[in-house]
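First residue of the sequence shown? That's 62 in my numbering, and the numbers climb one at a time after it.
Note that these hints are calculated values from the structure, not bench results. Not one of these hints is a red herring.
Derived pair list, reagent style BS3-like, types lysine-lysine, alpha-carbon separation capped at 30 Å:
(1) 190 <-> 249
(2) 190 <-> 140
(3) 73 <-> 511
So the derived label-pair ranges between C-beta atoms look like this:
(4) 235 <-> 329: 37 to 47 Å
(5) 330 <-> 378: 38 to 48 Å
(6) 396 <-> 308: 28 to 38 Å
(7) 105 <-> 81: 12 to 22 Å
(8) 196 <-> 397: 16 to 26 Å
(9) 287 <-> 376: 45 to 55 Å
(10) 267 <-> 343: 18 to 28 Å
(11) 214 <-> 343: 16 to 26 Å
(12) 196 <-> 125: 31 to 41 Å
The beta carbon of each residue, even a glycine, is placed where N, CA and C say it ideally should be.
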Amino acid sequence: MTSLLVTQGQWKGQEFAFADAEITIGRDEDCDIQLLDDSKVSRHHAKITPNNGEWYLSDLDSANGTFLNGEAVSAALLKESDAVAIGDTTFVFRSDAAAAAAPQRAGSEAAPQRADPDAKTLTTADDLKLVEQMRQSMDAIRREVGKIIIGQEDVLNEILMCIIAGGHALLIGLPGLAKTLTVNTIAKVLDMKFKRIQFTPDLMPSDITGTEVLETDQVTQQKQFRFMQGPIFCNMLLADEINRTPPKTQAALLEAMQEKQVSVGKEVYKLDKPFFVLATQNPIEQEGTYPLPEAQLDRFMFNIFVDYPTLEEEITVISRTTMTAGAEPQVVIDKQAVIHLQEVVRKIPVSQHVISYAVGLVRATRPGDALAPECTKKYVSTGAGPRAGQFLILAAKARAVLEGRIHVSCNDIRSAAMPVLRHRVLTNFSADSEGINSVEIVKRLLAEVKEPGAEAYEPSASDKKKK
62 MTSLLVTQGQ WKGQEFAFAD AEITIGRDED CDIQLLDDSK VSRHHAKITP
112 NNGEWYLSDL DSANGTFLNG EAVSAALLKE SDAVAIGDTT FVFRSDAAAA
162 AAPQRAGSEA APQRADPDAK TLTTADDLKL VEQMRQSMDA IRREVGKIII
212 GQEDVLNEIL MCIIAGGHAL LIGLPGLAKT LTVNTIAKVL DMKFKRIQFT
262 PDLMPSDITG TEVLETDQVT QQKQFRFMQG PIFCNMLLAD EINRTPPKTQ
312 AALLEAMQEK QVSVGKEVYK LDKPFFVLAT QNPIEQEGTY PLPEAQLDRF
362 MFNIFVDYPT LEEEITVISR TTMTAGAEPQ VVIDKQAVIH LQEVVRKIPV
412 SQHVISYAVG LVRATRPGDA LAPECTKKYV STGAGPRAGQ FLILAAKARA
462 VLEGRIHVSC NDIRSAAMPV LRHRVLTNFS ADSEGINSVE IVKRLLAEVK
512 EPGAEAYEPS ASDKKKK
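Work out the full structure, taking the sequences as your base and the hints as a guide.
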């Protein structure tokens with residue numbers, strides 16, 4: 062395994078590991094290593110290419126040149142500990158990153174203010190290998206799920222993004238659109254223990270979490286309490302029609318979703334990893350329901366909408382489901398791989414350019430914000446909180462991993478914006494009277510909120526003083 066250790070510049074202290082594949086360095090979103098905060102770096106500045114076990118550095122006609130050990134080069138062979146300078150960033154080339162100890166993030170006095178000082182980086186061979194395999198794994202997952210579920214690729218992608226980001230999802234769709242079957246099939250393909258709870262008005266919290274029963278020991282004849290686990294003790298929980306049960310029972314899920322544990326009496330019981338809650342709601346049948354409060358809605362990372370199938374898909378569904386049973390889906394990746402992916406997602410670095418764009422989108426949903434666009438001030442009563450920004454970044458990281466990438470772009474943020482924001486933007490009377498819902502608001506924000514330009518990343522006065 063080969064790597065570039067950053068010794069100076071925006072990502073100081075971070076090590077980028079890569080396998081036998083070409084990598085590109087520059088300011089553009091499609092670069093493998095992005096140096097967005099550096100105005101001296103071209104969009105596609107340089108590349109490193111493997112050839113028969115050796116690595117070659119090539120300049121891509123950059124404006125300010127690429128330097129190897131202090132000398133400007135157009136193309137050169139890289140050797141162990143060579144110093145590569147691109148703009149204000151200096152990399153040290155390492156030919157065996159797997160054997161090297163993982164570097165620690167530099168102290169706060171040395172680390173750039175625009176980078177996350179607590180971020181962990183991809184430094185192990187196992188991490189990178191797993192990410193590289195995800196593109197093939199995603200194709201296999203789609204094939205296996207496709208044995209049972211026809212179409213709904215966006216729903217599948219969003220559920221998988223939510224799972225490996227460590228979040229939970231709210232699934233909205235009409236009856237008969239295979240929501241339960243989809244979740245059950247995904248659980249089989251990911252080798253997860255699946256449980257389903259049908260929420261009803263008479264459901265009690267103990268029906269979900271479990272309860273203590275009094276038993277008599279057959280040997281000592283002593284009576285003692287024994288905890289009997291409820292259906293929440295699983296890897297993937299389907300909370301079917303969660304708005305059919307009273308708030309007290311809805312709230313029984315909150316501790317499990319946030320803390321990954323259940324408290325019963327004086328005892329706390331940890332849930333097995335991974336743990337994922339997917340709650341369904343019927344969007345049209347609201348009589349006798351208990352709508353989830355905004356605070357509980359905010360706990361769900363994604364709001365995923367399941368639409369009708371296309372004409373061709375519906376014909377295939379009818380043909381297949383009225384014949385004999387088809388092939389059973391096979392396991393593609395196991396639970397340990399899912400847990401590993403969740404850890405890898407947290408390690409992937411995100412540039413300040415992307416973070417600023419995510420924060421800009423979230424703040425644009427708040428009518429009281431000075432920079433909110435006119436559509437927000439006119440149609441929105443309450444906007445999204447900081448948790449929405451956290452989920453946007455995590456979802457963008459998860460999307461990158463599922464596509465086999467270790468860099469995050471603004472396009473990943475845009476792809477995650479709708480499921481993250483649609484249930485966090487509350488419309489007012491003006492919007493309701495004009496038939497404008499939160500989905501339309503998010504679409505308008507995506508069109509109006511522009512990606513930060515290079516001028517937004519000029520060094521601050523304090524940064525210039527440090528230099």
